[in-house]
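A.B. asks: The opening residue of the sequence shown carries number 1 in the UniProt record's numbering; numbering runs sequentially from there.
None of the hints are false.
In silico BS3-like links for lysine-lysine, alpha-carbon gap of 30 angstroms or less:
hint	residue 1	residue 2
1	K90	K135
2	K65	K55
3	K90	K3
4	K32	K90
5	K311	K274
6	K274	K65
7	K242	K292
8	K132	K3
9	K277	K55
10	K110	K135
11	K242	K32
12	K32	K277
13	K110	K90
14	K311	K292
15	K105	K274
16	K152	K3
17	K3	K65
18	K132	K118
19	K257	K65
20	K106	K277
21	K90	K274
22	K180	K292
23	K32	K3
24	K292	K277
To be clear, the hints were calculated from the coordinates, so they are not data collected in a lab.
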Amino acid sequence: MAKIGNIDVGDFPLLLAPMEDVSDPPFRALCKEQGADVVFTEFISSEGLIRDAAKSTMKLDIYEKERPVGIQIFGANLESMLQSVEIVEKSGPDIIDINFGCPVKKVVSKGAGAGILKDIDLMVSLTEAMVKHTKLPVTVKTRLGWDHDSIKIIEVAERLQDVGCQAISIHGRTRAQMYKGEADWRPIAEVKNNPRMHIPVFGNGDVDTPERAMEMRDQYGLDGAMIGRASIGYPWFFREVKHYFETGEHLPPPSMKERLDAARRHLQMAIDWKGEKLGVFETRRHYTNYFKGIPHFKEYRMKMVTSDDSKDVFDAFDEVEREFADYEFA
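Put together the whole structure using the sequences plus the hints.
C.D. replies: Following this line, the structure appears as structure tokens:
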């Protein structure tokens, strides 16, 4: 049974990864309903929080039905990170997660996210200071290293644990790889199998089938899987993995009705939470996977991803229901 601090997260928990403009409250709600054990917010800039930037503070919204839920923050300035911890605490999360893995240039260029992998001492000292500054469990999400020649993840994980980190999620790529190539889980397994490690070690990267999740559990011996891209537009991935673990069989894919119901709810919740314009815009990325595999679907998808008016998108859903009601997904 994996525990983050005093929080029981189950036997091989499935965690929803923090993804920018994806892991918002509407999507987290859908994933939670489908079996996600722990969910994380989109990553939030510590500098944005202390400046009270609207986009950052809005991401602090969490809801009881999501628990356990972690708020993830990023930054490289100690004072800003400590101030942001105090702001985050007021939202009442169960976990504070530090992003030491985002590879995006605008984050890395400020020495934050994966940029901090160039300065392991700073990474450790920031974590230690934040652990001392809060009573909430502090966890870390990171990558194997900056590049192939600087992978020190076993040492990094030990040092983070030693200063009070309560769990670590490791993406099986370096920053230099971005999202290219295959994730390498072997170094993550080496962290887990290090006899000095006693905190949960979660794997991340390329968990895109139930079989891959089982491989991460049984072959690599990790404590849980953090799911990212496989869940976008497909919150059912969590239930499919759990069903496979229990039975060794694949669940039938969600029906057209299930997909349309989810897409409608998703869009409406997004509009309710962030307004018409952003709600419509930021939900677009999910539609490809909601309706993946349907032949001759391009005109409907184009309506969904190009319209700025939610009525047009809901109308497109209605058209799909009329045209493809009996379509069976393989």
